[in-house]
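J.: Generate coordinates for the entire structure from the input sequences, incorporating the hints supplied.
Protein chains: 4
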Amino acid sequence: MYEFGSGIWLFGQFVDRYASDGYGPAVTSVGAIEKAGQVPGLKWLDINYPFNSPTETVADVRAALDRTGIRAIAITPHVYMRQYAKGSFTNPDPKVRQAAIDLCKKGIEIAGELNATYLKFWPGQDGHDYPFQADYGRLWDLQLDGIRQVVESAPELQFAIEYKLKEPRNHMTLSTAARTLLGIEEIGAPNLGIVLDMGHSLFAKETPADVLQLVHRRGRLVSVEVNDNLREWDDDMVVGSVHPVETLEFLWALRKIGWQKPILLDQFPFREDPVGAATLSIKAIEGMERLLDRIDKAALDDAMERQDALAAQAIVLKEMVGAG
Amino acid sequence: MYEFGSGIWLFGQFVDRYASDGYGPAVTSVGAIEKAGQVPGLKWLDINYPFNSPTETVADVRAALDRTGIRAIAITPHVYMRQYAKGSFTNPDPKVRQAAIDLCKKGIEIAGELNATYLKFWPGQDGHDYPFQADYGRLWDLQLDGIRQVVESAPELQFAIEYKLKEPRNHMTLSTAARTLLGIEEIGAPNLGIVLDMGHSLFAKETPADVLQLVHRRGRLVSVEVNDNLREWDDDMVVGSVHPVETLEFLWALRKIGWQKPILLDQFPFREDPVGAATLSIKAIEGMERLLDRIDKAALDDAMERQDALAAQAIVLKEMVGAG
Amino acid sequence: MYEFGSGIWLFGQFVDRYASDGYGPAVTSVGAIEKAGQVPGLKWLDINYPFNSPTETVADVRAALDRTGIRAIAITPHVYMRQYAKGSFTNPDPKVRQAAIDLCKKGIEIAGELNATYLKFWPGQDGHDYPFQADYGRLWDLQLDGIRQVVESAPELQFAIEYKLKEPRNHMTLSTAARTLLGIEEIGAPNLGIVLDMGHSLFAKETPADVLQLVHRRGRLVSVEVNDNLREWDDDMVVGSVHPVETLEFLWALRKIGWQKPILLDQFPFREDPVGAATLSIKAIEGMERLLDRIDKAALDDAMERQDALAAQAIVLKEMVGAG
Amino acid sequence: MYEFGSGIWLFGQFVDRYASDGYGPAVTSVGAIEKAGQVPGLKWLDINYPFNSPTETVADVRAALDRTGIRAIAITPHVYMRQYAKGSFTNPDPKVRQAAIDLCKKGIEIAGELNATYLKFWPGQDGHDYPFQADYGRLWDLQLDGIRQVVESAPELQFAIEYKLKEPRNHMTLSTAARTLLGIEEIGAPNLGIVLDMGHSLFAKETPADVLQLVHRRGRLVSVEVNDNLREWDDDMVVGSVHPVETLEFLWALRKIGWQKPILLDQFPFREDPVGAATLSIKAIEGMERLLDRIDKAALDDAMERQDALAAQAIVLKEMVGAG
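Residue numbers (the working numbering), protein chains in the order written: chain A, 1 to 324; chain B, 1001 to 1324; chain Y, 2001 to 2324; chain C, 3001 to 3324.
These are calculated hints, taken from the structure and not from any lab test.
Beta carbons are placed, not taken as given, at the ideal position from N, Cα and C, and that holds for glycine.
It cannot be assumed that every hint is accurate.
[Unchecked claim] In the DSS-like style, the derived pairs of lysine-lysine whose C-alpha atoms are separated by at most 27 Å in a straight line are:
#, chain 1, residue 1, chain 2, residue 2
1, B, K1318, A, K318
2, C, K3297, Y, K2318
3, A, K205, B, K1205
4, Y, K2043, C, K3318
5, B, K1205, C, K3205
6, Y, K2035, C, K3318
7, A, K105, A, K43
8, C, K3318, Y, K2261
9, Y, K2297, C, K3318
10, Y, K2318, C, K3043
11, Y, K2318, C, K3261
12, A, K318, B, K1297
13, B, K1261, A, K318
14, B, K1205, Y, K2205
15, C, K3205, A, K205
16, Y, K2318, C, K3318
17, Y, K2318, C, K3035
18, A, K318, B, K1035
19, B, K1256, A, K318
20, Y, K2205, C, K3205
21, B, K1318, A, K256
22, A, K43, B, K1318
23, C, K3318, Y, K2256
24, B, K1318, A, K297
25, Y, K2205, A, K205
26, A, K261, B, K1318
27, B, K1043, A, K318
28, C, K3256, Y, K2318
29, A, K35, B, K1318
30, B, K1261, B, K1035
[What the hints assert, rightly or not] What follows is a set of in silico ranges between Cβ atoms, one per label pair, in the way DEER data are often shown:
#, chain 1, residue 1, chain 2, residue 2, range
31, A, D302, B, D1021, 26 to 36 Å
32, C, G3069, Y, D2293, 34 to 44 Å
33, C, G3069, Y, D2273, 46 to 56 Å
34, B, D1293, A, P40, 27 to 37 Å
35, C, P3190, Y, D2293, 48 to 58 Å
36, B, Q1098, Y, R2218, 21 to 31 Å
37, Y, P2054, A, P40, 37 to 47 Å
38, C, G3112, A, D302, 34 to 44 Å
39, B, D1293, A, E185, 50 to 60 Å
40, A, P25, Y, P2050, 15 to 25 Å
T.: Structural data, given as structure tokens:
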């Protein structure tokens, strides 16, 4: 069975353009870690830097981690706040691009101090909104160049890009698994890979279990995040709440590649209790793992070998809803 | 437990614009009925008229029904073939509009001869493809006027419209449940209602269980069809293969309104065995019904009353994937 | 030529879940009005209440309007902030529902004091996120009941609902034009109608020019808002930047129904100058109006009567891109 | 100015699952070529093999081409008919996979006899429909292996893959530009590239002008096809009828890369006259080219360099709808 983790933001304050006063009160990074500590089985956090409160220090965060028994799996620099509204690595202003690089390098230090296993790039502001807004070749080069500078500055650390189709930008430059693989291979650094967010994959019209093998086979799978959505937006819902079949298939694919690392949650429970939302997701995954244990692997493999949709579905629907 | 039926097309020949030679050989209406007879538990058919082969008679079809023990639940006139490519009731040519009306009136006779319980309108060619192509008020009037003429000609028979967002037209005039209700109420005939196709509802970005109650409360729910899709097209897949949660919710809503009539399958198993595809869908529904039997109704009602997403999801995910 | 207006939010601070520190600094209502005053030709504002700053008074706002020569066309109560995260009129808590009603009634007073022509309901938090979360019949009843209470309390004032498919809720109860018309007709009050937002209509997979006539014919068209998007989200972009053809068609439809009232802008220029974004939208509409003046109305009407897509497109593409 | 061509299918018979008797009568390949000859300016055809009628020979087709002055730009083998319903190169049955390879090799001969410049792979049946249906790594390998065998058999001929997100399969293996580039680079043959269909690109949620540069920079751009759609399906509509801005941007990008080869039309005018539909598309492109000539390139380049959406949009909207 897997270990579990989550993004620290799952336990923070949610804001959107309508409830601009926030769906709840502000939460410090320490406060978020303490909430995370209430989730049974949650052992890892992907932690944003800068921390939520300007007065919080690495020592504060480390202490909170120690108190809760949680470990930092990743550091995700905040390169998508106001300063980076028009882009981080692709910003038209070279000073802002440099600021993004510098912040990521600072993030490398923090990763070291918190013993995190990778630094995550989430370049959500890199891309474009309107037709004719940008020279796409230039965006691509800027995107890769900024990431390359960071990655090459710390060859001993693992880095990973989390791609997404869009939001906050109308079009993100690193939008899909295949496109991100192209960029990573162009950069050429061995210590750069992908965080595969199952929800982003559904949103990008990919088949998550398919891109999982694609990224894995090229040796670029660094981490996986799970959640659910309606395939039209990054809704970041409870695991399995909309696509339990694809989630099962994703977990099946994780078995096939021999995944041993933690599975991370990436949810935004705007109107729900974060501890409850994370707990339910973990329970759902654990239930699905037991369900997969009951499946006759030889029979399913045989159906897949024959590409026999009905035979495969019969096996899955039997276990999930008692069909047959 | 429900009785089951299906569209006769599930057992026919499938064609699309690529495999224009058909995904399999041509099938007569009698042949399709005989295949339907091989599906355990399938007792009703929605039958297209004209029949698949020009030489088939009502007597032939009736005999096949008698042989298989299947009954005609509905007649669906073929008002979407080549003759109606530019529209049936909304065709710009009044002669074609009249032909559509006449064909439906002929369908009324057939419904009588086969003892079908309703005549279904599937006005898939009524709508528009391009901006500026049509005066939408005129389309709306033509759509309602044609249907009104048919419906008023047989006040003793039940009629029902199957709405869809699009396909084959890029935009269908009767696209959603609410829009179709507006049209039905404008027509004003008591013997006209809706066939709620769960897949069409997902495709139209509706919540199927929600529109079920909306249509039911207005006394316009005539029949329900089930299948699944990826929410972006009318993929007509096996029940529960993509959206088992929404399917469960739809079945739950059917219980709430006290549905007693058959549940019909509307699938297009292009590359699968139709008998197997229908059989699996029925098994999936039966399994889901047993699953619903296990749910603590009071607890779920309480969660819904409080609009408590986590509590409701916990109940459902527990039964479906063993969460918790 | 039309008069123009906009939502006051176009000139405010934008926040989302990523740039939670805002895409720019906070803006008071007075500050937003003053920015609006810099847009040539912008004469009307839809104003949120409560005002942006807790210290701003009606007198402050009125003075700003007087200074800039702008008039209040509508008041939109802020029933979608943190307090209403789980719903305004459909909130499971009757106290919150009452608060929403009370705030709207307060909005009626403000509308009177600012001489606004209508009060707008934007019930963005009314709906559901997850399958099985709510009893949809109950949501529907609560939605209509709350609106009814407000509307009946001020029979002399005009009210209007702005529908949207989703966001911030994953599913809004009043999602489409047809569904909202059903609700309005069920409420039965003569002083309740619809604000038709062209972007929401594209997002809802409607044809904006089509629903414009549908709402108009039923006497429920109160106001129109324009903007653009990618049809998958409410991107609130500059008018005509993605769908100039559908925008032209919408303006053509406005001519057909004899629209005389202002056209309002509803944009969220997260990364652009709001004054520039509004100015460009107005210029685009004015240019499109001149373009429509050049169209041979008889020829276009004839093409539409014949539903001749190519003839209609030839007329439009000739004027827009010089085809032919 | 460009030369123009089209797929021969534009002038053939259209069939779908509803109008299974076809939207018009059957058309031979020779008949389609003769219709194509009626389109002013149309000089190239992408020709399917086997030909439409089993009795048509290469000599017949060559004669028709000679008569009309049209040249074969490409041969597209019919690897998506009934025989290949469960896949061509990815078919679970090795005999069918071999048949697909053999048909493509036969297509290479035909390409030679008709002096076509490339052979196009349109592997629309390669992929999957249901979750759990296939081992995606195996699909990927089969897909590349089959294409590799064909491509390596004729190193002197150019080959090109036309990717698409889906249809007829619910999920195609070669779905996006980036993914197809990954596959092409894995195959490693220098004579294999991409046919970039602008509509497929919109459908895949790409930005067509962006992927154009991506494919071009990697030296894999073989041909371009244009058409329009609603971004949710491959509607194959008249060029510019829905997305004139993105089409302008695509043409702008073609200028930027110095495109000199023909532009091909890929349309399915189900309900329109094919000659008229193709003629209007060519006129639209020609009009757009004249429009682009009027644009101040330095000003637009400057706006794009600054990623200034409003400045860029102002330039485009001025020329297109007379904004400002």
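J.: Check the following: the C-beta atoms of P3190 (chain C) and D2293 (chain Y) are separated by a distance inside 48 to 58 Å.
T.: holds, 55 Å
J.: I want to verify a distance hint. Is the separation of the beta carbons of D1293 (chain B) and E185 (chain A) within 50 to 60 Å?
T.: holds, 53 Å
J.: Regarding the pair K105 (chain A) and K43 (chain A), is the alpha-carbon distance no greater than 27 Å?
T.: With Cα atoms ~26 Å apart, K105 (chain A) and K43 (chain A) stay inside 27 Å; holds.
J.: Below or equal to 27 Å on CA atoms is what counts here, so check K318 (chain A) against K1035 (chain B).
T.: It holds: about 24 Å lies between the C-alpha atoms, which stays within 27 Å.
J.: Regarding the pair K1318 (chain B) and K256 (chain A), is the alpha-carbon distance no greater than 27 Å?
T.: Holds: K1318 (chain B) and K256 (chain A) sit about 25 Å apart, inside 27 Å.
J.: Okay, D1293 (chain B) versus P40 (chain A) on CB: inside 27 to 37 Å?
T.: holds, 30 Å
J.: Okay, G3069 (chain C) versus D2273 (chain Y) on CB: inside 46 to 56 Å?
T.: Since the Cβ atoms of G3069 (chain C) and D2273 (chain Y) sit about 53 Å apart, the hinted range of 46 to 56 Å holds.
J.: Straight-line Cα separation of K2205 (chain Y) and K205 (chain A) no greater than 27 Å?
T.: holds, 19 Å
J.: What's the verdict on K1261 (chain B) and K318 (chain A), does the C-alpha distance respect the 27 Å limit or exceed it?
T.: holds, 25 Å
J.: Are K1318 (chain B) and K297 (chain A) close enough, with their CA atoms no more than 27 Å apart?
T.: Holds: K1318 (chain B) and K297 (chain A) sit about 23 Å apart, inside 27 Å.
J.: What's the verdict on K2318 (chain Y) and K3043 (chain C), does the C-alpha distance respect the 27 Å limit or exceed it?
T.: holds, 23 Å
J.: Take a quick look at whether K2318 (chain Y) and K3261 (chain C) sit within 27 Å of each other, Cα to Cα.
T.: Distance ~25 Å between K2318 (chain Y) and K3261 (chain C) Cα, so the pair holds.
In the structure shown, no violation is registered for any of the earlier numbered hints.
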